[in-house]
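What follows is each chain in one-letter form.
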Amino acid sequence: MSSVARVRFLRCILFLPFVLFSGFIYAQSGSTGSGPGEQSIGKPTQGAQPAPSSGAVTGSPHPVQLDSHQRPITAGGFVSSGPVIFEDISEKAGITHWTHKMGEADKHFILETNGSGVGLIDYDNDGWLDIYFVNGSTFKALDGKEEPPHAALFHNNHDGTFTDVAAKAGVTNDRWGFGVAIADYDNDGWRDIFVANYGKNRLYHNNHNGTFTDLGEKAGITLGNWSAGATWGDYDGDGKLDLFVSGYVHFDLNNLPVSGANGVSSAFCSFRGEPVNCGPHGLKGEPDHLFHNNGDGTFTDVSEKAGVADQPGYYGLSAVFVDINNDGKPDLLVGNDSTPNYLYLNKGGGAFEDVSYASGYALNEAGRETATMGIAVGDYENNGQLDIYNTTFSDDYKPLYHNEGDANFTDISYQMGIAEVSVPFLGWGDAFLDYDNDGWKDLLTVNGHVYPQVDRHPWGTTWAQRPMLFHNLQGKKFETVPAVEGTGLALVIPARGMAVGDLFNDGKLDAVINVEDEHPVILRNVNPDHNHWLELRLVGGPTSPRDAVGATVYVTANHMRQRTDVVSGGSYISSSDQRPHFGLGEATSVEGIEVHWPSGKVEKFTAPGVDRILTLTEGSGQ
Amino acid sequence: MRKFNSRLAAGCALALGVFIALFIPPAQAQKATWRQATDAELAALLPARAPVEKEHIETEMRTASGITDGKGHFIAGIVLITAGYSADGKYSHYMIVQSRIRIGGISLAPGEYVFGWQREGTDGNTLSVHFHEALTGKLLGMAEAHKIAGNVRVESLHIWPPGDKPLIQIGRFSIPYELGDE
Chain A
1 MSSVARVRFL
11 RCILFLPFVL
21 FSGFIYAQSG
31 STGSGPGEQS
41 IGKPTQGAQP
51 APSSGAVTGS
61 PHPVQLDSHQ
71 RPITAGGFVS
81 SGPVIFEDIS
91 EKAGITHWTH
101 KMGEADKHFI
111 LETNGSGVGL
121 IDYDNDGWLD
131 IYFVNGSTFK
141 ALDGKEEPPH
151 AALFHNNHDG
161 TFTDVAAKAG
171 VTNDRWGFGV
181 AIADYDNDGW
191 RDIFVANYGK
201 NRLYHNNHNG
211 TFTDLGEKAG
221 ITLGNWSAGA
231 TWGDYDGDGK
241 LDLFVSGYVH
251 FDLNNLPVSG
261 ANGVSSAFCS
271 FRGEPVNCGP
281 HGLKGEPDHL
291 FHNNGDGTFT
301 DVSEKAGVAD
311 QPGYYGLSAV
321 FVDINNDGKP
331 DLLVGNDSTP
341 NYLYLNKGGG
351 AFEDVSYASG
361 YALNEAGRET
371 ATMGIAVGDY
381 ENNGQLDIYN
391 TTFSDDYKPL
401 YHNEGDANFT
411 DISYQMGIAE
421 VSVPFLGWGD
431 AFLDYDNDGW
441 KDLLTVNGHV
451 YPQVDRHPWG
461 TTWAQRPMLF
471 HNLQGKKFET
481 VPAVEGTGLA
491 LVIPARGMAV
501 GDLFNDGKLD
511 AVINVEDEHP
521 VILRNVNPDH
531 NHWLELRLVG
541 GPTSPRDAVG
551 ATVYVTANHM
561 RQRTDVVSGG
571 SYISSSDQRP
581 HFGLGEATSV
591 EGIEVHWPSG
601 KVEKFTAPGV
611 DRILTLTEGS
621 GQ
Chain B
623 MRKFNSRLAA
633 GCALALGVFI
643 ALFIPPAQAQ
653 KATWRQATDA
663 ELAALLPARA
673 PVEKEHIETE
683 MRTASGITDG
693 KGHFIAGIVL
703 ITAGYSADGK
713 YSHYMIVQSR
723 IRIGGISLAP
733 GEYVFGWQRE
743 GTDGNTLSVH
753 FHEALTGKLL
763 GMAEAHKIAG
773 NVRVESLHIW
783 PPGDKPLIQI
793 GRFSIPYELG
803 DE
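Top to bottom, those sequences are chains A and B.
Quick note: the first sequence, position 442, residue 442 per our numbering, numbers continuous.
When you read off a place in the second sequence, starting at 1, and then add 622, the result is the number in our numbering.
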């Protein structure tokens with residue numbers, strides 16, 4: 001019997017009495033502390049207690065939301081007619097023969113629950129986005145007893161279909177994969193792929209001929225336990241992209257986290273009294289790492305020196321480098337699961353300042369640590385300030401952090417009307433995207449629970465969930481876009497990673513979703529608008545990263561100035577289209593384009609027209 | 623001269639004492655003695671698993687906050703890890719009170735308490751905070767926490783010393799409190 005099989009058996013034995021006698025224990029256990037009115041001097045007594053089962057008493061006060069068919073709102077609430085925004089074209093696109101695999105269906109271990117990311121990359125420089133889906137693995141595969149699941153690299157055939165070329169390209173990974181970050185880290189004009197794994201990470205260098213070579217070992221970025229998310233950014237302004245990798249849980253195959261054993265409290269292995277996999281609470285956190293790009297194919301771990309090493313061991317998932325305070329330097333956001341989020345301000349000279357609490361980003365506005373899964377960054381108000389939207393756990397709303405300037409954030413989800421509706425959902429990938437090209441960035445999230453057990457209880461949430469789309473009402477409010485039956489918004493799936501981008505070069509932003517243990521999904525944007533648009537392909541100069549990651553672009557049209565940033569990372573451990581996209585509404589011309597290059601240079605460009613993809617090269621503007 | 627000065631000093635001290643006794647209310651004098659509790663004091667005081675009704679719920683020690691009079695009395699609180707995640711559940715915080723306190727109109731005798739909150743209204747500026755006996759869950763009363771103006775540091779919980787500002791801060795909301803007998 002393998003170690004995992006032994007633990008599964010042990011787990012059953014351990015949980016049986018818990019399930020059978022939990023009611024008895026509740027009834028029999030007495031109070032051990034002193035009551036009100038009595039002086040309490042020392043710690044309340046902690047001995048001889050029943051097994052703690054956080055959640056039974058403290059369950060969500062939110063009423064269960066069911067639709068007219070008595071379905072939980074996370075898997076229902078559809079309308080029969082309305083605007084069709086997204087069409088599920090996965091089958092037509094030819095991507096459904098590939099299946100994601102993340103352990104076993106019963107999800108006994110946390111390693112089997114968090115899913116994988118997706119990266120959009122034009123790996124062959126043909127001007128069309130290709131798709132890289134990270135795959136998970138199985139304990140049997142880790143033991144060498146079965147073939148590991150492979151990652152997929154879907155080449156865009158320019159006709160609405162895709163072909164998996166991962167094996168030929170040499171990027172199947174074959175490790176227990178989680179995050180992906182796309183960037184041209186060696187400034188050779190060809191984008192590369194970083195894959196964050198449980199086990200050693202990969203750095204797939206693009207060979208310029210449709211193949212890649214894993215240079216992770218040489219680069220010195222492999223680590224070895226549970227890396228989750230990653231983001232590229234030139235934090236020290238030397239023109240070379242550096243790599244940040246978030247660490248999640250330290251997962252020991254030889255000391256598996258099971259309830260009441262191996263030092264794991266059973267309180268952290270139950271949800272609303274139901275036994276579930278243990279963690280992340282109660283498990284040791286894996287630290288984060290910042291790798292400085294030495295420019296010779298190697299990297300140096302500067303996490304401690306830079307002040308981003310995650311000393312407390314929070315459970316890091318998504319991360320993104322982006323200039324949050326408009327000082328021209330990329331700052332760093334790290335979304336942590338069940339622990340405070342990090343906001344590190346780039347102070348220059350290779351140092352960061354932790355302003356997580358001072359900025360308001362560490363917690364939600366009521367002071368709660370959230371289970372942050374995904375990070376969306378965008379200027380939804382068109383005021384030049386980047387705002388942040390995080391996806392979090394079910395029974396919790398999803399905070400929208402409004403940028404007040406000078407790195408101060410206020411969680412305004414409730415004021416914007418998008419908090420309560422998000423509560424039953426467990427969110428993962430998220431993005432600000434202007435789906436209707438009206439010039440205002442909307443908000444898309446994809447969802448799915450981590451516990452299959454939720455389907456056996458009337459808790460109002462489900463394993464598979466539908467996406468949520470919020471329409472931006474000119475920066476003042478968001479309204480929920482109804483899920484029309486038979487459309488992409490009514491697709492009920494256990495979604496995880498999501499990347500957005502213009503897959504078909506038609507000016508409409510599509511969504512690509514990695515689905516846990518199922519085939520992936522492409523939601524093609526078919527919104528029936530006739531608004532105009534502009535997309536920009538940026539090429540950095542000799543002192544900027546060649547792919548311009550870190551650039552900020554302002555486009556003025558309709559007397560409105562919009563901002564979009566070039567980033568690598570974010571969402572839920574995914575990597576989206578790096579071509580800034582601008583919806584222009586009814587405008588048939590662009591008044592101006594201003595690019596703030598990573599080098600610090602600011603240039604103005606003109607657009608000869610709209611509804612096109614322009615290439616802008618640093619040094620060729622005014 | 624020296625004798626005169628010492629008499630003068632003694633007289634002044636006596637006058638000052640009388641002035642303090644007559645014009646400084648006891649509560650004011652008491653406030654001056656309360657200070658922020660240290661991390662070590664909080665770690666010694668607060669439980670890793672708080673007795674709440676019939677359960678013992680894990681607490682998050684990094685969120686602990688409290689004040690002490692330096693004479694062994696504390697008023698301290700800590701966040702409960704509800705369901706392992708950040709659900710704004712029935713209870714969010716656990717409190718140990720060792721000196722009578724009135725929080726937003728609710729008088730708490732020495733003992734152990736829990737509180738939770740619900741949002742009130744649609745403007746997002748108010749939380750309705752409900753206080754309970756920890757061991758029985760008995761509801762003791764409700765108090766309103768209001769959004770603190772301006773950009774302030776977000777806190778899981780901060781019980782500010784009374785001499786600084788007599789507030790209990792939850793996130794970016796706060797409730798005023800008063801120490802002492804009713």
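It is possible that part of the hints are untrue.
Partner residues are not named here, just some residues of chain B that face chain A (Cβ under 10 Å, in silico) [claimed, not checked]:
| id | residue |
| --- | --- |
| 1 | R657 |
| 2 | D661 |
| 3 | R671 |
| 4 | E677 |
| 5 | R684 |
| 6 | V701 |
| 7 | L789 |
| 8 | E800 |
| 9 | L801 |
The set of hints was computed from the structure by calculation and includes no laboratory data.
Note that the structure is a prediction, hence the values are computed from the model and not measured.
C-beta: ideal position from N, C-alpha, C; glycine also.
May I ask you to test the interface hint for B/E677 with respect to chain A, counting a Cβ-Cβ separation under 10 Å as satisfied?
Cβ of B/E677 sits 5 Å from chain A, so the hint holds.
Interface restraint verdict for B/E800 against chain A (beta-carbon cut-off 10 Å):
Violated - the Cβ of B/E800 stays beyond 10 Å from chain A, reaching only about 18 Å at its closest.
Holds or violated: is the Cβ of B/V701 closer than 10 Å to a Cβ in chain A?
holds (8 Å)
Restraint check, 10 Å cut-off on beta carbons, for B/R671 near chain A:
holds (6 Å)
Against chain A, run the beta carbon of B/D661 and see if the smallest gap drops under 10 Å.
This hint is violated: B/D661 lies away from chain A, its Cβ roughly 14 Å from the closest one there, beyond 10 Å.
Chain A contact restraint for B/R657 - C-beta distance below 10 Å
At about 19 Å, which exceeds the 10 Å cut-off, the nearest Cβ of chain A leaves the hint on B/R657 violated.
Does B/L789 pass the interface check with chain A, least Cβ-Cβ distance below 10 Å?
violated (13 Å)
Hint status (Cβ of B/R684 to nearest Cβ of chain A, threshold 10 Å)
holds (7 Å)
Would you settle whether the hint for B/L801 is holds or violated, based on the nearest Cβ-Cβ distance to chain A being less than 10 Å?
violated (16 Å)
In the structure shown, a violation is registered for the earlier hints numbered 1, 2, 7, 8 and 9, in ascending order.
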